[in-house]
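Enquirer: If you want the building blocks of each chain, they are given just below.
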Amino acid sequence: MTATAPRTDADTAAVRRAIASTARPPRPGPLATALTFGWRGMLKIKHVPEQLIDVTITPVLFVLMFTYLFGGALAGSTSAYLQYVLPGILVMSVVFTTVYSGVALNTDLTKGVVDRFRSLPIWRPAPLLGALLGDSVRYVLAGTVILVLGVALGYRPEGGAAGALAALALVVVFSFGLSWVYSAVGLVLRSPSAVLNGGFMVLFPLTFLSNVFVDPRTLPGPLRAFVDVNPISVLATATRSLMAGAPDGTAIAVSLAVAAGLAAVFLPVTTRLYRSR
Amino acid sequence: MTSGSTLAIEATGLAKSYGETRAVAGVDLAVPAGAIYGVLGPNGAGKTTTIRMLATIVPPDAGTARVLGHDVVTEADAVRGLVSLTGQLASVDEELTGRENLVLVGRLLGHRRAAARARADELLEAFGIAGAAGKLVKHYSGGMRRRLDIAASIVVTPQLAFLDEPTTGLDPRSRNQVWEIVRALVAEGTTVLLCTQYLEEADQLADGIVVIDRGRVIAEGTPGQLKASVGNGALHVRLLDPARRPEAARLLESAVGTVTLEPDPAALSAACSDADRAATAVGALGRAGVGLADFSLDQPSLDEVFLSLTGHLAEEPAPATQEAS
Ligand SMILES: Nc1ncnc2c1ncn2[C@@H]1O[C@H](COP(=O)(O)OP(=O)(O)OP(=O)(O)O)[C@@H](O)[C@H]1O
Ligand SMILES: [Mg+2]
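Chain order of the listed sequences is A and B. Number 264 in numbering that gives the first Met the number 0 belongs to position 265 of the first sequence; there are no gaps in the numbering. Number 109 in numbering that gives the first Met the number 0 belongs to position 110 of the second sequence; there are no gaps in the numbering.
Certain hints may be false.
What the hints assert, rightly or not - Here are the simulated BS3-like pairs of lysine-lysine, each with C-alpha atoms no more than 27 Å apart in a straight line:
1. A:K110 to A:K45
2. A:K43 to B:K137
3. A:K110 to B:K226
4. A:K45 to B:K137
5. B:K137 to A:K110
6. A:K43 to A:K110
7. A:K43 to B:K226
8. B:K134 to A:K45
What the hints assert, rightly or not - Part of the chain B face toward chain A, derived, beta carbon under 8 Å:
9. A54
10. T55
11. A61
Derived from the structure by calculation, the hints contain no laboratory data. Even glycine gets a Cβ: it sits at the ideal position worked out from N, Cα and C.
Chain A on its own, in the form it takes in the complex:
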């Protein structure tokens, strides 16, 4: 405190004046409320930018590791494998980031501010929807890191910049749908680390038993059947097709439908869990 520091005590007369002005504005709409919560998420990133390290470092490691460690063995050359695997890694790193949405929500719940949100006259799903909209910014970031790094290492999308952006958009929309599942998990499990472990316990097998890293034609029958119906495979196929400039309409439609289905089922579930915990 310096000698010129402003007053640090309450001024009762001013408090009374502030209390006396009771104007209550009209209630904001649902979307405006959700966007305000999205703004809250942005402010947190602004104050603690270090929290983006997970989102940026992990994808970089994935690209480097898979390309240079496995590339030669799996595809004959690192450049050929990079061309195959990069869209898959885009899917994997953005999808992995959704687990952090559940972790963040679980952490948030231990804070007293949640009780304030629950006592405000606002649209009930707004805090969740806003947080997930805010998290989508992270997904865009993680995806952009992968694309930029891939191009730097020699990856060339045949679909050009437009194809790459369309692919990124698809992956982000899918992840937004999936993040509702992790929000529910984040509300059910007791601790942030339980959410993290539980989340990856499901996502690791789903990602590795997909066509993200290998062409499933080499796989034994039953495994191949699973890989073919795995939604992560479908999303990877759709993403690859967009980046290759030859959109696979079915795979894209199925990916979007899965995202919409997850959001439709888990939005009400998550909203109810948020209220009752």
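Dock chain B with the ligands against the given chain A, drawing on the hints supplied.
Expert: Just chain B with the ligands now, with coordinates in the frame of chain A:
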């Protein structure tokens, strides 16, 4: 809106259990509008759970409650539009600045950006937080955080404010500031439901008090009524010369009543709640030439009220409701 009813809160049989723990086991409340109503109880008594049901955060397992005329379950949204909550855990976002917290609440309540900012600045100034407006709340002192929390509760002035232990952990100076703010709220017409473990706080602020213990109401009334129900106050006397204590005891015994010798060899007290008789007794000591260091006439403290109501002190958590974690 509340159609002539002068009760701000009317609850009957409110109950809430968490697993085996009966956090609230049937609470009735009748809180008059426009006053400060104290909910007094030790740790784990069920104060926070009661407030959370009334503020529509958790639905009750049983019982009903109307807040400002609206049912907390079927008309929860209407209740939320009239009340505000200052929770026991600071209900502000520690990872945002003080100003951002107030703008956030303003925006959520429907203020446009400019209006939300103007209101935030007005409140920061009035509550003495303007100098730290741009600092993250996690770096605030306890007193500043509490004031910010209350400021967030009056971004739009509520008709009823729930305050859950607003001064726990504050130094006397910060506590006094919070008390002043609470008095200002009521002076401007807001009803306040105040949970506290501090008997002095309830005595200082509340017009009516309900004492709860282990999820049940065990007493209700004004601070004065509660004290009266416990019985007499006491005349405390301290002598200049401890050797005169037996003589002083005899004199007090005949002037007022039962005398208790205190651990201090120069001090003694007599049960008495009538100021005139106390004056007579002190006069008698003076005439007999027993020199007095000081004397006082005490009302029973709410601590004593609590002890006599519950059979245990307020500071001791009740064994049956100790927290599992
Ligand atoms: N969310 C919860 N889950 C499990 N148990 C709970 C929960 N909330 C409260 N309890 C239990 O219910 C009982 C009453 O708790 P409550 O917080 O209402 O008491 P309180 O009077 O506010 O106490 P304190 O003075 O410590 O704040 C306690 O035994 C507590 O452990
Ligand atoms: Mg409490």
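Enquirer: If a hint holds in the structure, say so; if it doesn't, say that too.
Expert: Structure-based check of each hint:
1. Between K110 (chain A) and K45 (chain A), the direct Cα distance comes to roughly 20 Å. Compliance with the 27 Å bound is thereby established for this hinted pair.
2. Pair hint K43 (chain A) plus K137 (chain B) holds up; C-alpha atoms about 13 Å apart against a cutoff of 27 Å.
3. About 38 Å separates the Cα atoms of K110 (chain A) and K226 (chain B), which puts this hinted pair outside 27 Å; it is violated.
4. The straight-line distance between the Cα atoms of K45 (chain A) and K137 (chain B) is roughly 15 Å, inside the 27 Å bound, and the hint therefore holds.
5. For the hint linking K137 (chain B) to K110 (chain A), the alpha-carbon distance of about 12 Å falls within 27 Å, and the restraint holds.
6. The straight-line distance between the Cα atoms of K43 (chain A) and K110 (chain A) is roughly 14 Å, inside the 27 Å bound, and the hint therefore holds.
7. This hinted pair does not check out: K43 (chain A) and K226 (chain B) have alpha carbons roughly 50 Å apart, beyond 27 Å.
8. Using a Cα cut-off of 27 Å, the hinted pair K134 (chain B) and K45 (chain A) holds, with the two alpha carbons roughly 13 Å apart.
9. With a least beta-carbon distance of about 5 Å to chain A, the hint placing A54 (chain B) at the interface is held under the 8 Å criterion.
10. Interface hint status for T55 (chain B): upheld, as the beta-carbon distance to the closest one in chain A is roughly 7 Å, under 8 Å.
11. Proximity of A61 (chain B) to chain A is violated relative to the hint, the smallest CB-CB distance being about 16 Å (cut-off 8 Å).
Checked against the numbered hints listed earlier, the structure breaks hints 3, 7, 11; every other hint is satisfied.
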